[in-house]
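S.K.: Kindly generate the complete structure, drawing on both the sequences and the hints.
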Amino acid sequence: MTQQKNGNKTGFFVPEPPARPGERPDFSNIDCSAPGAVPMPAIDCAAQKTHEFAGGLIRVLDDKGHADGPWDPALNMDELVEMLRLMGLTRAYDERMFKLQRQGKMSFYMKSLGEEAVAVAAAKALDDEDMVFPSYRQQGILFARGRDMVDMMCHCISNSRDNLKGRQLPVHYTWKEGSFFSISGNLCTQFPQAVGWAMASAAKGESAIAASWIGDGTTAEGDFHSALTLASVYKAPVILNVVNNQWAISSFAGIAGGDQASFAARGIGYGLPTLRVDGNDALAVYAATKWAAKRARSGHGATLIETVTYRGESHSTSDDPGKYRPMDEWKSWPLGDPLERLKAHLIGLGAWDKKRHEKMLSEQAETVRLAYKEAESFGTLREGPLSPTASIFDDVYVEQPWHIRRQRQDLGV
Amino acid sequence: MARMTMIKAINSALDVLMEKDETVCSFGEDAGYFGGVFGCTEGLQEKYGLNRVFDAPINESAIIAMAIGMASNGLRPVAEIQFADYIFPGFDQIISELSRIRYRTAGAFTMPVTIRTPCGGGIYGGQTHSMSPEAFFTHIPGIRVVMPSNPHDAKGMLIASVECDDPVIFFEPKRLYNGPFDGDPHKPALAWSSHEKGEVPKGHYTVDINKAEIVRGGSELTILAYGTMVHVAKESARLAGVDAEVIDLRTLIPYDMQTIAKSVNKTGRCVVLHEAPRTSGFGAELIAQIQEDCFYALEAPIIRVTGWDTPYPHAHEWAYFPGQERVMRAIKQVLEN
Ligand SMILES: Cc1ncc(C[n+]2csc(CCOP(=O)(O)OP(=O)(O)O)c2C)c(N)n1
Ligand SMILES: [Mg+2]
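Those protein sequence lines, which keep their order, are chains U and X.
Counting with the numbering used here, you get residues 25 to 437 for the letters of the first sequence.
Counting with the numbering used here, you get residues 677 to 1013 for the letters of the second sequence.
Hints listed in this document are in silico derivations from the structure and should not be mistaken for laboratory results.
These numbers come from a predicted model, not from an experiment.
Treat the hints with care, as some may be off.
Computed footprint of chain X on chain U, listed as stretches where at least three residues anywhere in the stretch have a Cβ under 8 Å from a Cβ of chain X [stated by the list, open to error]:
(1) 244-255
(2) 343-352
(3) 390-399
Heads up, the beta-carbon is just placed ideally off N, CA and C, and yes, glycines get one too.
M.R.: Here it is in structure tokens:
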């Protein structure tokens, strides 16, 4: 059997990322077209009309924070500041929770550093009644929809006030009141489920749509194709988002086939409209989501959106990115930092300044600190109190069948 | 000989296999360059190249199907499924294809495929990083199912599994990766360097994947266990102060009924342990077979100590895990009956 390395003619091809630890980051493959390069098609256009854009990149903000082009959503100052605030809050929350995990306050944590716009701007473009089926990296949606931070923390530290009774790994939130489905640990399962939800909404004649998010690596799963098939066949009112943050855990987007064609281009074969968006440009994410939502709500079916971004932190608290990618890779990321870009935009408009920004960040850090103090008063994973032990036997079925009741008695609770 | 972790022992087995047989290859999610999320394949890509050790896309069905295709064309693939909880997208390929190809082709095609996958709880992994799904696979004719309980057996059993011409699912109890665990989470973690079964010979050797091992001789009762529960069984027997015979099954399919029957016929009493849920768990099979084969030797009903019939909870995982207290209670009960 051949043992040749790539570049030789024998053997099969195994994609390798542009740079590994110790090598110089290389993002020459990322196309940074100017804002305005991608036109905005009509809401009811044929899906095929969007396909020429599957390789482009929808952008509104240029590198200096100036907004331009047909996708500019023309938000007012309050809306822009609100989006900046929510992204800042998400980052402050992540920062603190990650540190607290390191101090043993919770079993696990996952940050969304560098990807805050993907969740926050999309949530702002959706209606609050629209159902979301996120992955574990869209906590920004919860902030955008106004979920109580203390409740989020109580879930993460699995204490007596955890709305999931300590059953789920941290960050695997559920918030039914906020139209936020249960986050699964099993990748991609939510993608076709979102289509089913959307079909039910259509069947009932309701106007709410569904939206789901998965990562670049996750597109390899069969359920990705299930979702696209269903969405295409039934023209379901759903938005299917692929968050291409360049990395799965240690494997880069090329291992999911991302080097051969864009993830947006996956939609072409299914006849789905496809948009490829600068995921670090909150205005572009907002506009693309608005477009897809309007299209879905007016009966023209599903859209596949790829948001191009970069995972600024480790995959989770369990891995060391220094083992598989250059430590400073994020610094070279050509699409920048979503928070900094929106900040520059607001400063350019005269609606914001550095001082206000610093003040906002320190207030948010304080908000998070106080929220954690409150959350901890309801217990922590290690020290308790937790939800009652007997509760592990609840919710398996509608009522406890004899065998589970017997097991509960056996445990003496 | 050297003492090493189960991770290093697995790594050493793969190294020995790949060195010896160039048809052996290894792949899985994060299992190439990075060497696996637990490090079991570390250093192998560098040593054997990208066509023998590589990263797979995140698609467990594809990983198993790829192994089937490779095996049908002369390779001996070792596929890693990152967590046993994520094996289900590949279930169809295992059940409908892998397990039956020898049978449906009347032996024209064989499937020397090994699927390695970490299982079990005790690491606060929540419901999707804690499962012990072995029973599903024991129900399927055509695949062998094994689970080592220590580094020595892990290496020898992995070599035997890969060299076996049948498909083998090789479950790795992840709570044992870095040290033995007797079921008490409050004790400081032990390292394999402190345990005799952490002793792993260099080079090639096999541990028979048709044979159980009596890890503690005794006459009062028989305790059947595998994986993490072997250590819980031994410690519980010690704490209960009973003369228990503890059998490490090592292989679930085909299980070593000869060793089991001999022991139960001697002791007349039996407790069966597993971390997986109780109903339709592998314990049910063992007990059914024991009562068929040893009924007249039995002096008390056989008792199971298992995980509950609920998903594996996160915060309350120690209330779920069948720990020492529950095992000791079962020992007492079976002796008093
Ligand atoms: C079915 C399944 N297989 C494997 C895993 C393990 N796993 C968890 S996250 C992850 C990487 C996902 O990467 P990507 O889709 O790019 O999402 P990101 O983490 O970058 O947001 C893997 C392999 C899993 N959770 N579920
Ligand atoms: Mg990713």
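S.K.: Of the hints given before, which are not true for this structure?
M.R.: Number 3 - this is the single hint that the structure violates.
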